[in-house]
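**Student:** Here is how the chains run, residue by residue.
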Amino acid sequence: MADLNVKIGSMIMKNPVMTASGTFGYGPELEDFIDISTLGGIIVKGTTLEHREGNPYPRMAETPSGMLNAVGLQNKGIDYFENHIYPRIRGYNTNVIVNVNGSTIEDYVKLSERINLLESIPAIELNISCPNVKMGGMVFGTNPASAREVIAAVRRVYSKTLIVKLSPNVTDITEFARISEGEGADSVSLINTLLGMAVDVNTMKPKLSTVTGGLSGPAVKPVALRMVWQVARAVKIPVIGIGGIMNTDDALEFIMAGATAVQVGTASFIEPRTAEMVVTGIADFLVRKGLSGVSEITGILNR
Amino acid sequence: MKKRIEDLNVTENRKLNDRFFVLTLSSSVPLPIILPGQFVQALVKDSPSTFLRRPLSVHDVDEQKNTISILIQIAGSGTESLSRLNPGDTLNLVYPLGNSFTLPSHGERVLLTGGGCGMAPLLYLGRKIKAVGIEPVFALGFRNRERVLEHEEFKKLGEVHLSTEDGSAGYRGFVTDLPVFTDNEWDKVYSCGPEPMMKAVAAKCRARNIFCEVSLENLMACGIGVCLCCVVETTSGNVCSCTDGPVFNTRVLKWQI
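Which chain is which? The protein sequence lines are A and W, in order. When we follow this note's numbering, the leftmost residue of the first sequence carries the number 1, and every step to the right adds one. When we follow this note's numbering, the leftmost residue of the second sequence carries the number 1001, and every step to the right adds one.
I should point out that these hints are in silico values taken from the structure, not numbers from a laboratory. Please note: incorrect hints may appear among the correct ones.
As the list claims (entries may be wrong) - In silico DSBU-like links for lysine-lysine, alpha-carbon gap of 35 Å or less:
| # | chain 1 | residue 1 | chain 2 | residue 2 |
| --- | --- | --- | --- | --- |
| 1 | A | 14 | W | 1204 |
| 2 | W | 1155 | A | 205 |
| 3 | W | 1015 | W | 1045 |
| 4 | W | 1002 | W | 1015 |
| 5 | W | 1015 | A | 205 |
| 6 | W | 1003 | A | 76 |
| 7 | A | 134 | W | 1254 |
| 8 | W | 1204 | A | 207 |
| 9 | W | 1130 | A | 134 |
| 10 | W | 1015 | A | 207 |
| 11 | A | 289 | A | 207 |
| 12 | W | 1003 | A | 207 |
| 13 | A | 207 | W | 1045 |
| 14 | W | 1002 | A | 205 |
| 15 | W | 1204 | W | 1045 |
| 16 | A | 76 | W | 1015 |
| 17 | W | 1003 | A | 14 |
| 18 | A | 7 | W | 1003 |
| 19 | A | 289 | W | 1045 |
| 20 | W | 1155 | A | 207 |
| 21 | A | 110 | A | 236 |
| 22 | W | 1254 | A | 110 |
| 23 | W | 1254 | W | 1065 |
| 24 | W | 1204 | A | 205 |
As the list claims (entries may be wrong) - Where chain W lies over chain A, by a calculated footprint (3+ residues, C-beta under 8 Å):
| # | region |
| --- | --- |
| 25 | 27 to 40 |
| 26 | 69 to 83 |
| 27 | 93 to 103 |
| 28 | 234 to 246 |
Beta carbons: idealized from backbone N, C-alpha and C, even for Gly.
So here's chain A without its partners, still in its complex pose (with noise of 0.2 Å):
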């Protein structure tokens, strides 16, 4: 058995295979499909101070290899998730990873505060990245100092490992990765959806209510892979690999290419197991290769 232990600040995951953010839900939901207790780390649906409604409906849009949603964060807030949600998924026999997110860089520092006070959460995934709220979100993750300026703020209250979500919304990754790196996180992760929108030619109006939303799957998987392969060897903290990975080989390519760890999103929709079978996948292929763990495989690309 080949070793898929890997490292992403101070959490030790027993493989390198989580999760994305909003396509697992709190992890109950899988539970007649998956073991979670398979997975390297799940990271929970975004989470806000304050409950959200999140965006009207129509908020999904079916696409060439892919979909457009645009949820915009509709959540329960954080009192919710401590009294109800946490209690019953804090005994997960994996990483626990919560997404953050908010409007302001009080909100995020709040949350993170919050956060850090949970014993059974080992790290956060600050949120800088959203397409599909107004406030908040991917403008914080599209403009360096607004960047620095909460990663910093949170990186003060938040004693944990710190994951920076990056946005693939801009003209070069490698400055925000960069920027994550100099104010202290611990790990990037990319990509967030990217921006996009599709219109319903019969009825002639947006498939959208909010006209522009975030594709994720296949379609996006080349866009990822060259930005993790960008940022890899922009920094020197560990990046954590999303977008479009539907089997063994889709996480195996952003592994090769820089990648730490991956997270699977969007194929969860359509094989709820696709993160398990993944985990059991890469043992499979490194056995295969006769090597001896992950880490041989990593980055291999940049050597």
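Starting from the structure of chain A, add chain W where the hints point.
**Tutor:** This is chain W only, laid out in the frame that chain A set:
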């Protein structure tokens, strides 16, 4: 109730007309308990433009034969691909999903109203209602005679009142124009079909203070309550139609009716 991912065997593909067909699927293990109103998420193969699973309501279940039937309209390349399935093929489902209709209590008078392909779940609902000793009454509306679906199947379960928009079969008009609506007292009305039709049914029920449940067909990605795409605006905020629905009491919906 435990949800499954399973390859089911296609045992029949019954063509109803050029655009509608019923797939019957069998499992090699006992089917789970499937409630009327629940749906499945079908994985479409052989359609490059189809990325997501297709949510399809359960048309009927035969516990003796261990089969489940799905009535499908060819609406795009995904459902077109499903229409080419033959006995011997398999279809991968995530199922059973969603909530269910509230079965009537003993002695209640119930009307099941549907339009077009949307009436699919009313057959299984009618079967379950009959099983609790209540005679279901159906009011079904279609565009024209050629579009009438499953008339014989519904007649096996109860009285069927038919309407067509052009009058080529049954009453001429919309399903809500059928006299059966107003000529009788109803305790529960169930509806499934195009949204304008369900809203018209809901409005009639509201005016007479009749219990009314509808089954919604919102666009969805996952079907299991994680993508939050299929939301419905209710009196308690946005909820997923795949897990809190697809069946809703019209009192909780924020419909302008």
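**Student:** Next, verify each hint and record whether it holds.
**Tutor:** Hint check results:
no. : hint              : verdict
1   : A:14 <-> W:1204   : violated (58 Å)
2   : W:1155 <-> A:205  : violated (41 Å)
3   : W:1015 <-> W:1045 : holds (20 Å)
4   : W:1002 <-> W:1015 : holds (32 Å)
5   : W:1015 <-> A:205  : holds (34 Å)
6   : W:1003 <-> A:76   : holds (25 Å)
7   : A:134 <-> W:1254  : holds (25 Å)
8   : W:1204 <-> A:207  : holds (31 Å)
9   : W:1130 <-> A:134  : violated (52 Å)
10  : W:1015 <-> A:207  : holds (32 Å)
11  : A:289 <-> A:207   : violated (46 Å)
12  : W:1003 <-> A:207  : holds (30 Å)
13  : A:207 <-> W:1045  : holds (24 Å)
14  : W:1002 <-> A:205  : violated (39 Å)
15  : W:1204 <-> W:1045 : violated (42 Å)
16  : A:76 <-> W:1015   : violated (46 Å)
17  : W:1003 <-> A:14   : holds (27 Å)
18  : A:7 <-> W:1003    : holds (34 Å)
19  : A:289 <-> W:1045  : holds (31 Å)
20  : W:1155 <-> A:207  : violated (40 Å)
21  : A:110 <-> A:236   : holds (28 Å)
22  : W:1254 <-> A:110  : holds (34 Å)
23  : W:1254 <-> W:1065 : violated (41 Å)
24  : W:1204 <-> A:205  : holds (31 Å)
25  : 27 to 40          : holds (count 4)
26  : 69 to 83          : holds (count 3)
27  : 93 to 103         : violated (count 0)
28  : 234 to 246        : violated (count 0)
Violation of the numbered hints given earlier is confined to hints 1, 2, 9, 11, 14, 15, 16, 20, 23, 27, 28; the remaining hints are satisfied by the structure.
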